[in-house]
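> Sequence:
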Amino acid sequence: MITSLLARCVAFIALSCAAALPARAMEIEGFPIEESITEAGVKLVLNGTAVRKRGYFRTELAMLYLPEKTKSVDAVYKTSGVRVLRRIVLREVPIATASRYFINDFKQVATEAEFKQLITDLGELGGVYGTISKVSRGDTIDTVWIPGKGMTGRFNGKSLVDKYNKNELFYQVYMRMYVGPTVHDDFRNGLLGASL
Numbered sequence: 001m002i003t004s005l006l007a008r009c010v011a012f013i014a015l016s017c018a019a020a021l022p023a024r025a026m027e028i029e030g031f032p033i034e035e036s037i038t039e040a041g042v043k044l045v046l047n048g049t050a051v052r053k054r055g056y057f058r059t060e061l062a063m064l065y066l067p068e069k070t071k072s073v074d075a076v077y078k079t080s081g082v083r084v085l086r087r088i089v090l091r092e093v094p095i096a097t098a099s100r101y102f103i104n105d106f107k108q109v110a111t112e113a114e115f116k117q118l119i120t121d122l123g124e125l126g127g128v129y130g131t132i133s134k135v136s137r138g139d140t141i142d143t144v145w146i147p148g149k150g151m152t153g154r155f156n157g158k159s160l161v162d163k164y165n166k167n168e169l170f171y172q173v174y175m176r177m178y179v180g181p182t183v184h185d186d187f188r189n190g191l192l193g194a195s196l
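Position 69, counted from 1, in the sequence shown is what this note's numbering calls 69; the numbers after and before it change by one each time, with no gaps.
Calculated directly from the structure, the hints in this document are not laboratory data.
C-beta: ideal position from N, C-alpha, C; glycine also.
It is possible that part of the hints are untrue.
Once the Cα atoms are required to be at most 30 angstroms apart in a straight line, the calculated DSBU-like pairs of lysine-lysine come out as [unchecked claim]: (1) K69 / K134; (2) K116 / K43; (3) K78 / K116; (4) K69 / K116; (5) K134 / K71; (6) K43 / K69; (7) K134 / K53; (8) K158 / K134; (9) K43 / K163; (10) K107 / K158.
Label-pair ranges, simulated between beta-carbon atoms [said to hold, decoys possible]: (11) F31 / G193: 15 to 23 angstroms; (12) Q108 / S36: 17 to 25 angstroms; (13) D162 / D186: 20 to 28 angstroms; (14) D186 / T70: 24 to 32 angstroms; (15) R91 / A194: 35 to 43 angstroms; (16) S80 / F102: 19 to 27 angstroms; (17) E35 / K107: 20 to 28 angstroms; (18) T120 / K43: 18 to 26 angstroms; (19) L196 / I95: 26 to 34 angstroms.
With the hints as extra help, turn the sequences into a complete structure.
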């Protein structure tokens, strides 16, 4: 009886101590992952994470933050709420190569009509790429959608543009590069919460 009581006391103390410890932060590829962030005064939760590979190399860690978790691609495309796609560079890439990857990926997910319609938006984004000389391991790139304002970007926390792009179609096609039907299943499913 004393042994049973002692065992219960030890178990209670162990559980109490474990509950008092702070939760361990998630880490992927050596980088800490925030479970929630605040953007434009709105708390967003981590919907999912994924690591993109180009050939044999892991090139970026992507995190998708939404107002609430979802497994629905259509919900990700909606522009009615704040969204943040955060990417951490895992491998140094010359900016010319990064631009080429982007254009190829964009062409792959856009219809021919959409690509023609969005050529001005692509040109503006190309101008933004021109302001960055290279991307190195650990660099952070945020793509942010804010309802009523539009899409903007940050590089290592610094704004890349002076004005927001209000074109909802551009945002939706952009997001197809991350959760669209042509994206590798593991990557898309990771951002849709399968990784958590």
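> All the hints need checking, so say for each whether the structure fits it.
Results for each hint:
1. K69 / K134: At roughly 33 angstroms apart (the allowed maximum being 30 angstroms), K134 and K69 break the hint.
2. K116 / K43: violated (35 angstroms)
3. K78 / K116: Holds - the C-alpha atoms of K116 and K78 are around 22 angstroms apart, at most 30 angstroms.
4. K69 / K116: Outside the cut-off at roughly 33 angstroms; violated.
5. K134 / K71: violated (34 angstroms)
6. K43 / K69: At roughly 12 angstroms apart (the allowed maximum being 30 angstroms), K69 and K43 satisfy the hint.
7. K134 / K53: OK: K134 and K53 at ~19 angstroms, within 30 angstroms.
8. K158 / K134: Given pair K158, K134 holds - Cα atoms ~15 angstroms apart, limit 30 angstroms.
9. K43 / K163: holds (23 angstroms)
10. K107 / K158: Judged against 30 angstroms, a Cα distance of about 27 angstroms means the pair holds.
11. F31 / G193: 15 to 23 angstroms: Taking Cβ atoms as reference, F31 and G193 lie about 19 angstroms apart, which means the hint holds.
12. Q108 / S36: 17 to 25 angstroms: violated (32 angstroms)
13. D162 / D186: 20 to 28 angstroms: Check failed, 37 angstroms falls outside 20 to 28 angstroms.
14. D186 / T70: 24 to 32 angstroms: violated (18 angstroms)
15. R91 / A194: 35 to 43 angstroms: violated (24 angstroms)
16. S80 / F102: 19 to 27 angstroms: The hint (19 to 27 angstroms, Cβ to Cβ) holds, given that S80 and F102 are roughly 26 angstroms apart.
17. E35 / K107: 20 to 28 angstroms: Once the Cβ atoms are compared, 34 angstroms apart, the range 20 to 28 angstroms for K107 and E35 is violated.
18. T120 / K43: 18 to 26 angstroms: violated (34 angstroms)
19. L196 / I95: 26 to 34 angstroms: holds (32 angstroms)
Hint violations for this structure: numbers 1, 2, 4, 5, 12, 13, 14, 15, 17 and 18, all remaining hints satisfied.
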